[in-house]
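Novice: Each chain, written out:
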Amino acid sequence: MSDITLKPAPAPRGRLANLAPLEPGRLLWFGLAAVMIFLVVYPLWQIVSVSLHDSDGNFTFENYAKAFGRARYIQSFTNSLWLGVCACVLSLCFAVPISWGLARTDMPGKRFVWLGVIGAYVMPPFMGAIGWILLAGPNAGWLNRIFRSLSGMDVALFDIYTFSGLVFVVALYSFPLVFVFVNAALELVSSEMEDAGAILGASIWHVARRITIPIVLPTIIGAGIIVFLEAVSLFGAPALLGTPARISVVTTTLFEFFSNPVRVEVAAAYSMPLLLITVILFLLQYWVIRRRGYVTQTGKGGERRMMKLGPWRWAVFAYGFGVIFLAVILPLIIIVQAALSKAWGQGFSFDNLTLNNFRYILFEHSTAGQTVINSAMFSFWTATLAVTLTLLIAYIVNRKLVPFSSVLGFLAVTPFVIPGIVLAIGFYAAYAPPPLALYGTGLIMVLSFTTRFMPVAYINAASGMRSLHPEMEEAVRILGGSRMTAIRRVIAPLLKRSLAGAWLIVFIGATRELSTAIFLYVGATRTMSIMIYDLSEEGRFEHLSALGLVLVVATMAFVAIGFRVVGRDFMLKRS
Amino acid sequence: MIKLSLKNLSRTFGAFKAVDDVSLDLADGEFVSLLGPSGCGKTTTLRMIAGFIPPSAGTIEMNGRALSNPASVVPPEKRQMSMIFQSYAIWPNMTVAENVGFGLGVRKLPRAEIEARVKRILEVVHLGTLAGRYPSELSGGQQQRVALARAIVVEPQVLLLDEPLSNLDASLREEMRFEIRRLHNEFKITSVYVTHDQSEAMVTSDRIVVMNQGRIEQASTPVDLYGNPKTRFVASFIGKTNLIDAKRENGNVVFTGGAWPLAAFGSTPPGQNFQLSIRPHDVSLGREVPPGAFAFKGRIAERAYLGDVWDYAVAVDGGQLQLRVTTTPRDMFEVGDTVYCAVDPSIVAMVE
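Read top to bottom, the protein sequences are chains H and C. Taking our numbering, the leading residue of the first sequence gets 443, the next gets one more, and so forth. Taking our numbering, the leading residue of the second sequence gets 63, the next gets one more, and so forth.
Heads up, a few of these hints could be off.
[Said to hold, decoys possible] One-sided and incomplete, this derived list gives chain H residues near chain C with beta-carbon spacing under 7 Å:
(1) N581
(2) A582
(3) S632
(4) E634
(5) M635
(6) I641
(7) L642
(8) A644
(9) A650
(10) I653
(11) P656
[To be verified] Derived BS3-like pairs: lysine-lysine, alpha-carbon spacing no greater than 25 Å straight-line:
(12) C:K140 - C:K65
(13) H:K750 - C:K79
(14) C:K140 - H:K750
(15) C:K359 - C:K302
(16) C:K292 - C:K79
(17) C:K140 - C:K170
The hints are simulated quantities; they were obtained by calculation from the structure and are not laboratory data. For every residue, glycine included, the Cβ atom is placed at its ideal position computed from N, Cα and C.
Kindly generate the complete structure, drawing on both the sequences and the hints.
Specialist: The following block contains the structure:
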């Protein structure tokens, strides 16, 4: 035996054959690798690099000193962390009972609540923030005015321009994320788990508290971490609600570094800890779900029946309805009212009714119409690019066509840990200067959006690819079809639905993208979401509401198409 | 003493009658199996006993007290029963000891007693060393033992088992059958066991209830059920058999291949027209006319060698009747050979 092992191993002929210079898979790999370096690696590298150099290109730590040299900047940082923690806890409180009610109980009105959660998911957080400004602004907010007229007291009951107001709004629009994960996990728990508790004498609440919820606890923790990441990288809501109250967070401070004079180096340095935190928490989240994610015994007897709650089912419904009322119904009513009003403060009277806001915003305003076209174009190209790219990557990774193919898959999900605003800084640092000088072009918007939404598209494409057994393709090839024939005739048709779903999700995400766009746009490439943000700075809530309503209604239409094409799992699928 | 009593129990799902007028009494400490093909209503019956499903008609009583009727149902958590599920339903977030101790915790026993009882029962099911493990770190057989321990430790009034072995592989399944019977002999808990596997039912049970299409076909001991099946369904579901159409005529039993005096049979015919059930290994083959008149003459039509037995198909009366016969490996015949099939009528069952 020993003399055999001492001999040098024979050349791996199979591997070498794979690496033959003209193998199409290998060419494709190189092409995709180049694209991924352009979209992910280089911008990330540029953030690090720019943060460590001064404007003359000399190595320095000066930028870090500037970024963290002031107490105010440190304060923004702790504000962000605290916002993340509070929003995370509150959104868990919103989401977990609703997920449980929908997945495990006989609560009434399930379809309604479910649609409401989708509504909250679809509502851009900055639109929610605007709705709540109209509702709970300290002076003119409707809730406060109603309270004053009812009580006769001259005080504001609610003030949305506070830290707790900000937490409330952020949680209200991030709880659907928790719902997606926790609901999916709860649906996988077999009813026998609960029956086993019931037959041993435990009551429904005892079973929920000691068995059902603990089983999905790892998922709840993981979802909480995701909400934290979402909350600290949000730009719109903190800018709208925090800035007037002089509460700054990391993202708004980064925006400050980006306003005249533009200090990219300092912004890059300042974003570094945020990036570090997201990476660490993302890994933690992954680890929590992997390590403590329980594989429940399914197979035979794994069916799910709804728990009978008796009269309590109305309490569970009331809770879900309450959350949806706050997140969707109330803000939408107020936004519709503002969009149809001459002056939103004058209330629900017939004299006040007008359609002028829509006419003005869509046809008369010098640039607003253009922003609608821009949003549609950028989103179209982003979705097309992201889905095509990730389909090819998923194919190569899944079929292991070349060695190290999984590197591409890793790069495709990497942007998940990059907050949108940090990504924008990276793109700015990498491609604004010559030779490419892409700043101000539509291309840089599309490319940065593509990078931002690549992980979502990749997860969809990869899961679709996993569901296709390689033998489907091998059957084509043994009958004489080429690999391309297999892709064209078998794989693409089979993946049609899931690719359409991925396309729509990216498209919808791109139409509402604010944090990446706000750093990279110029006048001609302004999008709807930026326009809405600008209008709110000017206080023109009637016009803004009209434009926002156009965005929300269009999004809902696309979501409806998605449900038609893809089915119930669209959007709310765990990914 | 009657522990558990099902009286005219029925359950419909829409137009489908899942359980149809089932009546059954279980003695204290008795182990009864509900045996039948899938969809025969056995699991629905079990879930009604557990209280997960209310009956459409009929009542369930335990210790003489009503538990279920169509109007009201004592919920599962108030029945002092325990159950073993198909998927085991071991809670993955709790250790073995926590799983087993759960029911005792619900009963608010003092901690020290819970610990002592958990420890004792884990010794009984040979899991003493695994108390601190999580279920994902256990094998299928060990999870099954946890489920057993968790159900037994609370000393339930009635233990319900819903196809508990169906997720195990064949050899483990065989081992666990004996384990379940051993635990029953030790604790004498009144038990209802649902299965579609006849050998599982035969190994574990004092009495087997064969169900078909929501009705009880026959309830009896394993020995009686095999030897004296009352219906065609029972005869063919429990073991293999040859079913031959027969009728009663002038003190004789007349069938294809012969007419034998009724007095020679060990059982009484259930009616004018009925069937004879002849087990393949109750037939012996020979080349000569056997002594005594009870034999068929036929030709070997097919044969298969299975190692421990020969499996023959014998065409009787020019192929009008085909008999399956199993013999020892030494009884060798070629296809086409003329043979005599000797049968002892006293062990032939007559079924509806």
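Novice: Confirm or reject each hint.
Specialist: Each hint tested on the structure:
1. With 7 Å as the threshold, the beta carbon of H:N581 stays out of range of chain C, its nearest partner Cβ sitting at about 50 Å, so the hint is violated.
2. Interface hint at H:A582: violated, since its Cβ lies 50 Å from the closest Cβ of chain C, which is beyond the 7 Å cut-off.
3. Hint status for H:S632 relative to chain C: holds, with the closest Cβ pair at about 5 Å, below 7 Å.
4. Given the 7 Å rule on beta carbons, the hint for H:E634 holds: about 4 Å separates it from the nearest Cβ of chain C.
5. Look at H:M635: its Cβ gets to within about 5 Å of chain C, closer than 7 Å, so that hint holds up.
6. The criterion of a C-beta within 7 Å of any C-beta in chain C is met by H:I641, whose closest approach is roughly 4 Å, and the hint holds.
7. A cut of 7 Å between beta carbons decides the hint on H:L642: the least distance to chain C is about 4 Å, and the hint holds.
8. Using the Cβ-Cβ criterion of 7 Å, the hint placing H:A644 at the interface with chain C is satisfied: the shortest such distance is roughly 5 Å.
9. Look at H:A650: its Cβ only gets to about 13 Å from chain C, farther than 7 Å, so that hint breaks.
10. Given the 7 Å rule on beta carbons, the hint for H:I653 holds: about 6 Å separates it from the nearest Cβ of chain C.
11. Nearest Cβ of chain C to the Cβ of H:P656: about 4 Å, under the 7 Å cut. The hint holds.
12. For the suggested pair C:K140 and C:K65, the alpha carbons sit about 17 Å apart, so the restraint of at most 25 Å is met.
13. Taken as a hint, the H:K750 and C:K79 pair is honoured in the structure, with Cα atoms around 23 Å apart against an allowance of 25 Å.
14. The suggested pairing of C:K140 with H:K750 holds, with an alpha-carbon distance near 15 Å, which does not exceed 25 Å.
15. Proposed proximity of C:K359 and C:K302 is supported: the alpha carbons are some 21 Å apart, at most 25 Å.
16. Between C:K292 and C:K79, the direct Cα distance comes to roughly 23 Å. Compliance with the 25 Å bound is thereby established for this hinted pair.
17. Taking the CA atoms of C:K140 and C:K170, the gap is about 14 Å. The hint holds against a cut of 25 Å.
In this structure, the earlier hints numbered 1, 2, 9 are contradicted, and the remaining ones agree with it.
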